[in-house]
Structure formats: C-alpha cells, structure tokens
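Take each chain as given, in its own frame, and dock them per the hints.
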Amino acid sequence: MTWLFAAGAASPKRSADPFSPPRPAVRLPAVSAEPAPRRETVTGEPRRVHRPQRPHTRWEIDEQTTLGAAYVRSLMRGQLRTGLAAFAVLVLLLATLPLFFGALGSATVVWVVLGFAAYPVLVLLAWWYVRRAERNESDFARLVEGAEHRGGP
Amino acid sequence: MNPAYAIPAVAVVVLATVLIGGFGLRLSRTTSDFYVASRSVGPGLNAAAISGEYLSAASFLGVAGLLLVHGPDMLWYPVGYTAGYLVLLVFVAAPLRRSGAYTLPDFAESRLESRQVRLLVSMFVVGAGWLYLVPQLQGAGLTLSLLTGAPRWLGGAVVAAVVILAVAAGGMRSITFVQAFQYWLKLTALLVPAFFLLLVWHRDGGAAPSFPDIPAALLGGAGADQPLATSRAAHPLYATYGLIFATVLGTMGLPHVVVRFYTSPHGRAARRTTLMVLTLVGFFYLLPPVYGWLGRLYAPALSQAHDADATVLLLPGLMVGGVGGDLLGALVAGGAFAAFLSTASGLTMAVAGVLSQDVLPSRGVRHFRFATVLAMAVPFGGTILVSGVPVADAVGMAFAVSASAFCPLLVLGIWWRRLTPPGAVAGLLLGGGSSLLAVGLTVAGVVRSGWLHTLLAWPAVWSVPVGFLTMVLVSLATPGSVPPHTSATMTRLHLPEALTVRRPPPPGEPAPGVPPARRSRVTGGGP
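Chains as they are written, first to last, in my numbering: chain A, 1 to 153; chain B, 1 to 527.
Read the hints as simulated data drawn from the structure, not as lab findings. It is possible that some hints are incorrect.
[Claimed, not checked] Computed spacing ranges between beta-carbons, pair by pair:
hint, chain 1, residue 1, chain 2, residue 2, range
1, A, Ser74, B, Arg418, 17 to 25 Å
2, B, Leu429, A, Gly105, 36 to 44 Å
3, A, Glu145, B, Gly381, 51 to 59 Å
4, B, Leu429, A, Ala95, 24 to 32 Å
5, B, Leu469, A, Ala117, 29 to 37 Å
6, B, Gly324, A, Val109, 32 to 40 Å
7, B, Phe196, A, Ser74, 50 to 58 Å
8, A, Glu134, B, Leu15, 37 to 45 Å
9, B, Ile7, A, Leu104, 45 to 53 Å
Nothing here was measured: the structure is a model prediction, and the numbers come from that model. Note that beta-carbon positions come from the ideal geometry of N, C-alpha and C, so glycine has one too.
Bound-form chain B, shown alone (with noise of 0.2 Å):
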C-alpha cells in the first residue's frame, strides 16, 4: 500500500471529525444540549449516527479476515450484529426512550429504586466499554503500522487523543455529527471499492461464484494465535449458536448503543430510528463479505500472514494496481480510520457519562470532560501492556458480558413487574460475572482445550440463561422488595407520550422520577 496517498486519506477523516466536532460544539449550548443533544435528533440523522457508532474496527476490517481464514460460517458475525436489532427493537427500543433515563445505571436506579443496583450496572458498563475500546485501539495501531510503518502504539494514540478532543469538547451533540458522518463515509469507502474490484473480477472471466476452499496447507498458521478459531474447529455447533446467542442479545445492551436512544424525541421515534438503524446496518454488511470471498479468490496466502485483517485494506492495490489501486487503498484506509474513531468516541462518551454520575463526585460539564480523559486513558494503557488479543475476540467477549448482564436486566425490568432490587443484583452477579470470568479465563489462557476451553470461550450460551433464572427465581423469592412504584414506572415506560398529561421536563434537568404527589396514590396493582 501507498503511504503517500494513504496518511492524506487518514488525516483527512481525522481533521473532518475534528472540524465536524467544533461545528456541533457551536450548537452545544445548555447542559442537557451536551449530554442528549436536548432530546431533539430526528430518526433519520439518529440512525445514521447509532450505525456509525456500531460499525467497528471488527466489522470494517474483521469480519473479512475471518472470512477469508474461516470461511462462510464466519457470516454469523454480521447477520447476528444485525439481527441484535431486531431483538432491541421489539422488547427494549420505545419502553427505554420512555423512561427518560440517560445511561443504563439511571435506567436500573428509575426502576429499581436502588442505589446499590445503580452501583453495580455502573461497573459492569465501565467494564464492557473498556473491554471494547482495547480492540477498537489496537486496530487502529495495525492499520496505522501497516500504513507507515509507525509504532503500533501510535495508531492508538492517534485516535485516543481525537476522541477525547471531539467528545470533551461538544459532548453528545457534536458525536451525533460526527457519527452520521462517518457512517456515510465507512459505506462509501467501501462500497466504491467494492465495485472497482467486481469489476475486475468480471474483466477476468468471473471465477465460478461458489465459496472457494483454502489449501489445507495454508491453513497451518492462521488459528495460531487465535484461541476461539481453534475452539470452533472443535465443536462448530456449539461455537456457532455461542455467536448467535453473544451476538443477538448482546446488542441491546451494550453501552454507546443503549445512549443514542435517549436523544429521540419520543418512543414512537425511538422505534422508527431502530428500524432504519436496522436497515442501514444491513445494507453496509453486504460489503464485507465481498471482500472476505474476493480474498479467497485472488489472495489466499492473506490468511497464512499474521494479519487477516488487513485483507480490506491491501485488496484494491493487489486486484487493481497502480495509482487507481492506491486511490482505492486510501479510500479503504480512510475508513478504516472512521470506523475506529466513530466506535471508540461513542464508547468513550458512555463510560465517561457513567463515570462522572456515578465515580467523580459532583457532575457538571467540567467534570465530564475529566471523566472523558479517564475514560480513554485505561484502555489505552491496557493496549500497550495487553498486545496480542486478537480483534474479533476481544469484541465477541465484550457482547458475551453485555447479553449476560444487561439482557435479563432490560427485558425483566421493562416487562416483568415482580422483579426485585435483590434478583436483579444475583442475576448480574451470576450471569455478567459468570461471563466476565469465563472471558478472563479464556485470555489468560488457563484452559486451552476440549469442551471446557469450548465452553468458557463462548460463555453466552449457558451464561445468560443463568443471568436470567437467577433474576427471576430471586425476584419471586423476595416478593417483599418489589419497588414500590412499579406499576407507575410501568406506565411510564408503556404509555405513548400522547396520552401522558405530564409536561416535557425543562431543559437541563436530569430524569424525571415520578412527582411527589403521585406517588401517595400508587395502588401497587393488587386490589
């Protein structure tokens, strides 16, 4: 690849979000403008931004490379993304909106009632975003290594310090941008492409379309240091429906997504975004498999290198050549480069939200840009003591922990109305810590075989049900503490905005708990 077209490309895509960052911190004005963009993005600018959040480094860059070294069971990894939509949609999207809450831990507080809970979904979303941001930073090390020959902590450093510019200094409004922004970029850079290299691929006679097999003998190095493809080999069932399950219910609860729900305007406009969110995503999950097959097809040896992630950036220039190979080169790598910052900023303004309301001790927006430095520099530090995780592991084990703990939370608290403060704490602790265990073990490498490696690699399968049981049979074991504003939460989160009487809070408050005076009335919903 060419660094002389390849570094202006990037730096392009970093002074764009840097530009498009100052111009929403211009909008920003009031509190509520910073953290939620005072409630007011429409559906169409919201889905572009949540797909622009979603679409990381392991979708832009990964799910090609597995392909390429895994072969078509590896498309379970898109249509599982996608699919995690749709399960978002119909049990979390409207119901979340309407809680009013902003994070999940004001969501687990609103309903609950319980700062202990609050605590504890506090923790779990830090650790889930932390363990995302590791992957998206050391993908944007190998892209910028694999560019110039830089350091791989460079990369890193790269977009660790635009982050903390663009969301210290606009805050929710100016992501929002940014995010649509880069969404449309991610689909061109790769869509355009894409079309280049068909059209080679048609000029060459057009190879039968079937899904070609790798020589057995290139295989050899390509599991080597990627302890989950070696497991799949051993019990691909298991580890397909692993995917599946991490994959499907995991979305719904990951950190930056779970934010972007609360800058709808209402629960009717929640839904909407989630169904064009659905579609946007689906459309962009076309491309990657193109590449994944293309690779196969004309570069194989890619999955005998140490890097099959880099299947996307180097097929224009080896299909292609020349300078137009290198214009499209650039274009992939320009990317690329969205797709680290777009997922890493989102995250990064998650966990920093939860860390200046739950961490720091007083909240305020000077206070947020503190906990923004915070919130990046950790898995920045984790990237250059932790090398050597792959990509695509490290994100699948992040979703592993978000369906374990944050599933049995959403679904029970918005429709079961018997659920406890202490189901919710046992379910989070046996499920989401259950998940978080058998992912450390799995790094650490403690088990590196048979059904027990199988099983802890991909936890989700047993995981979740456990987090689920755990929060149901608890709950009915302690009949005793159910909030005792449940049914008026209940309707709060059910009812469409147009039959409520209550006023829009005013700008800058935080959630609206239910008024003082309504609370002597609650009937609890037993006769």
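One chain only, chain A, in its complex shape (with noise of 0.2 Å):
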C-alpha cells in the first residue's frame, strides 16, 4: 500500500508540484551557490539583462573567455614575479659567494657560512616566498569574489 500511495503521489502531476523550485526559462549552470530568485512584481520593461546565477568572474574564468583569460594572466604575472623576486636573492647568493670565498681564502669562513648559515637563509626565503604565494591567490579569489558581489566588472 504504501508503494501505491507514493507512486500515485508522485506520478502523474510531477511538473505542476508546487513545493519544487521553479524551472528557470535559461540553463542553470550546475553549481549554484545563491539561492532561487524571489518573486518580483514587473512593472515595466526590465532595466537589464538577467545575470547568470553562476558567479560571474568565475563562470568567465571557467568557460575561458577573453576576460576570463585576462584574469588568469594576472595572476600567473603576480606569482611569476614573487618567484621570480625569491629565485634573483639565490642566484645573487650562488653567484657571489665562490669569488668572496675564493678571495677571502678563509676555510673557516667556508665552513660557517656553507655548512651552517646558509641553511636558515634558504629554509627563511622559502617561507618568504610560500606566504606572498599564498597571498597573492587569497588576494585573487577575493578579487574574484567581489568582483561577483558587485555585479560583475
């Protein structure tokens, strides 16, 4: 009995239930993160075009548009130059010390500086260089996000 009543109930009206959420006329893309539109009394000609539901800088990044592509390229120039800003103090680092060394002549010297002062150096810039990376992506998904709270750029 109980499977009947259930098939009868959900059967044959399935379209006009009343508690499912409204068809929208255009696609929803899949992930939708704001909830249905409320209803609006239309008064006139509508002002402007209807937004997507998807966040928009995302769903541009996603579908790799122009603009989407923009982004992206600003991002990558962003963590290109922090890696680029870390890797230029090693090279200086690598590319002086043999010729201070070799002038210097000094084995202690090598032996202090190499064996043990250039590792907190190394590990320290590394750590630099993971917290701007960081930054530089947090920076971007707000960008991203507020770019979507604002109605789109």
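Encoded structure:
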C-alpha cells in the first residue's frame, strides 16, 4: 500500500508540484551558490539583462573567455614576479659567494657559511615565498568574489 | 667495525622496511591508492617521505668522504641539494600538482598535447633514473662488503630484492610510509653518533675549530680513481659553478622527486610540503659535514685509502671504541642501508611507473609489478658490468642530465604560453642529449685533461642554457604549432583549487584532461 500511495502521489502531476523550485527559462549552470530567485512584480521593461546565476567572474574563467584569460594572466604575472624575486636573491648569493670565498681564502669562513648559515637563509627565503604566493592567491580569490558581489566588472 | 652488531642492525632496517611496506599493502585497495596514494597524503608525512627518498647514499656517505678528501669547497654539494628545493618551490611545485598528471611524461603530454614529446620525455626519465640507481646499488655493495667481507654484488642484490618486494607489493602508499620512516631513521643514525663523537672531541680538549689541512703526502692516491676530482684541481671556480648549476636546477627534474608531488591533495599543500622538505633536508645536512671535519682531525689516513666514502661508517669505531663504538657503528650502518633502500625504491617506483605506462602494452597493477622488476634488473646488471665508477660522480651526472633536459621543459611549460612541441623536442635533444653525451664521454675516459675535460665533466653550465635557448628559439620559429588548448591548460596549472568549480576526478581515473565541452570555447588567448 505504501508503494501504491507513494507512486500515486509522485507520478502524474510531477511538473505541477508546487513545492519544487520553478524551472528557469535559461539553463542554469551546474553549481549555484545563490538561492532561488525571489518573486518580483514586473511593471515595465526590465532595465537590465538577467545575469547568469553562477558567480560571474568565475564563470568567465571557467568558460575560457578572453576576460577570464586576462584574469588568469594577471594571477600568473603576480606569482611569477614573486617567484623571480625569491630566485633573484638565491642567484645573487650563489653567484657571488664562490668569488667571495676565493678572494678571502679562509677555510673557516667557508665552513661556517656553507655548513651552518646557508640553511636558515634558504628556509627563510622559502617561507617568505610561500606566504607571498598564498597571499597572491587569496587576493585573487577576493578580487574574483568581490567582482561577483558588485555585480561583475 | 664489528659485524656482530652491524649485521643485526642492517637486518632490522630491511625487516622494518618490508613490514611497513606490508602495512601499506593492507591500506592500498584501488589503482589510485596504488599509484598516487589517492592524493591524500598530508604535508607532514609527504615532506618526510620526500626527504627520506632524496637523501641517498651520496648524502649519507658521499658528502663526508668528499669533505675529507677535497676540503670545504665540497660543502657546495649539500647546499646545492637543498637550494634545489627552493627553485622547485618557486617555479614548479604548485602548478605541477595542479596539472593533475602523475609522471613527467604525463605532464609533457597534457601540456604540449603531443605523443612524441611524451615518448622522448619517457626515455630521458628512464635514462636518468637508471643512471641514479647504479650508484645506490654500488654503495650498498660497498657497505655490505665492508661490514662482512661479502662479495660486492651481494649488497646490491639485497637492496634490489627488498625494493622490488616493497614497491611491487604496496605501490606508492606503502612507499610513502617506508620513506617517511626512513627519513627519521637516517636522521637518528647520524645525529646520535655525532653527539657522542663531539663529546669525545670535547673531552680531548676540543682542538681548534678551524678546518685542518691534510698533509700533501696523504692526498696522493685520493683522486686517482675520481676523474671529476682531478679536474676540480685544474679549474676549481668553474667546477664549483658547474656543481651549483647541476644541483640547484637538477633537483626539480629528478623522477623520484617529481612523482611525490602528485600525492599532495592540492597545490597549496604541495607548496607547504616543499617548505617542510627544505627544512628537513637542511637540518639533515648539518650533520655529514661534522663527520667530514672530525674525519680530518681524527682519521686523515682514510683519505688515502680507496674508500673515503666509508668515513661515516668507520669514524664511531675509531673515535669511541669498545662496545659503545660498535653499537654506534651499527646504528650508522643501519642508517646507510636505509639511505640505499629509500632512494632506490623511490627511483624504482618512478621508472616502473613510466615503463608500465609508455613501454609495456597495457596498464594495470599486474603490469606495474612486471615493470618494477624490469626497472630494477637493468641497473643491477649495470653495477655488475661497470664497477668502479665513483658514487658521487654518477649522482652528479644524473643531476646534470636532469637539469639540462627537464628544467627547461618544466619552467617553460609552466610559465610560457608560446612553447611548442617542436621546440620542446629540440630543447630536450640538444640540452639533455648533449649533457648525456658529455657524461658518457667522461665516464668512458675519452678526454682526460685540459679545459675540454673540465667542460665535459661539468656540463650543466653550458648544457642548461643550450636547452633553454633551443626551446625558446625553435618555439618562436614554429608559432603555428602552439597546442590548441594552451590557455585552458595554463588556467588549470595556475588557478587555486578553491576557485575551480570542476568536481575532483573520480578515484582510479587517470589525469583529468580538459572536458570536451570546454574545448570548443578556448579563445587561444588572442582577440
């Protein structure tokens, strides 16, 4: 009986079920963070085009539009600049230290610098890079989401 | 050294490796578990595993031996090995993880969309992996024959058998546990004896902390069978830069290191993992120089003997003596075996992964097991055929080949949109191929002195720029061959996971390509 009841309630007028959300006219993207659109009274011509429900900028990036590519390029440039800064410090140290040691000619200095002092410097440099890179990414996420909240660029 | 203590120590390390591998076997259920540990390894475990895998015989034994024979200039080796991770971190770590590929050939194919590039990269990966495996097996043979007087091939055979068992049985997951365990084992095996050795040094009145010179008479025989060492003396500054180039840029391309990054859950974790690796590896490298320095103070005669590599193994017995010295020596011997086992299993894993995907006809766990045997059999045959290539030299050559072939491919592939498949092929052949040729000529002993010998023995200084330049110029000359989905690939490499709406790939699936629906909308980056 339960089965009959359930089947009877579900089958014939499913499309008219008042509790299911209204089917949108345009196809919604798969993932939507926003609630169903509230009811509005239309009194004239709509003044703006209906935005897609999916966050706008993220959609641009996802769909590989020119605008989305520009966003990704800006992120890449930022990350590359941070990486090159850390790399430049490393190159400066690696390029000058052998010359410096050669000029100095003291085994003790080589010992202290390469045996002990080099490692904390490397770890500090790496730590600085990780912090900057993560900040670049969270800045980028804020930019993308902020643009969404303001209604797109 | 007393074999009554050392042999049980080695046996315990081998047994623990097999047991931890078996523990991993019960955890690894799906194909994805088997290959990449289901991409669920946290930064702490993964960093210990990467470090455990990275610190090979060259680090554990070789650095102290080189310091003993050639002096403090050799400290560039450990510094370069560590700095390599900084370069890896700033240019490669996070994008490599986000590429979602499993091996270097996977990365090359998904970025450049070309089967030829994939095959060429596969060949270089297998070549570099085998080049690196030979000295590991030779180091194991040296250690075991020193401990027991067994023939040289036996140590290599033990390591080969244990590695095949551990890798073929449990795959990546079990290897992750094994490697992490072996990092801490190796650290303990150097840290505890170093503490006692420094106590002895302090009790003896603490000789001047300056670096003592070795009498010239003792140095006579040291470089006889080390061709690279003799060329150092001729042009030390060039040799130092060659060493820095190879180690700093070669780390990112080592096949067993690269494979590890795919097991991180996301790009952010890959970055943090690398930072922790840098810390762990740097901490470890504080110790081998202590042995090299104490070796110069207490056992300068070792530099005259054939095997300066044995300094770390023999020093506890020479300085402490008695049962205490035997016990410390046993601890060091166990750590040395951990070094051979961990690096060899990581390399075997990487080479076998490439072999089973690109060389053997079909994929699957059974074929992977067959590939494991193949990956180990060839270098083992190599150790029997070619004996007497110094450990540190062969490792340095693997770094030079990796730096010349894979560094340009990774850096340009990740950061430069105009890279083309013809450019990549030309760069790999000219950069990687020329360094491989130079290494081969050096080992064969074709040129024995002069600038030409120095240039061939330290190829990275010229072969890395050649690789980069060729890749850039040929890519610029073939603008029509830029892969059609470059823009989508770049987005995937650089966009933080939090912003991608794509669902994660289902377990067991290979690397996710660009979904077909999206391919039609690629704009190519231009208006």
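Going down the list of hints, with the structure as the test:
1. Between serine 74(A) and arginine 418(B) the beta carbons are some 18 Å apart, a value that agrees with the proposed interval 17 to 25 Å.
2. A beta carbon spacing of about 42 Å between leucine 429(B) and glycine 105(A) agrees with the range 36 to 44 Å that was offered as a hint.
3. Between glutamate 145(A) and glycine 381(B) the beta carbons are some 58 Å apart, a value that agrees with the proposed interval 51 to 59 Å.
4. Between leucine 429(B) and alanine 95(A) the CB atoms are about 29 Å apart, so this pair conforms to the stated range of 24 to 32 Å.
5. The given range of 29 to 37 Å is respected by leucine 469(B) and alanine 117(A), whose C-beta atoms sit roughly 34 Å from each other.
6. Under the hint 32 to 40 Å, the C-beta atoms of glycine 324(B) and valine 109(A), about 35 Å apart, fit the expected range.
7. One distance hint, 50 to 58 Å for the beta-carbon pair phenylalanine 196(B) and serine 74(A), holds here, with the actual separation near 56 Å.
8. For the pair glutamate 134(A) and leucine 15(B), the beta carbons lie near 42 Å from each other, so the given range of 37 to 45 Å is met.
9. For the pair isoleucine 7(B) and leucine 104(A), the supplied restraint of 45 to 53 Å holds, since their beta-carbon distance comes to about 47 Å.
Consistency note: the structure conflicts with none of the earlier hints.
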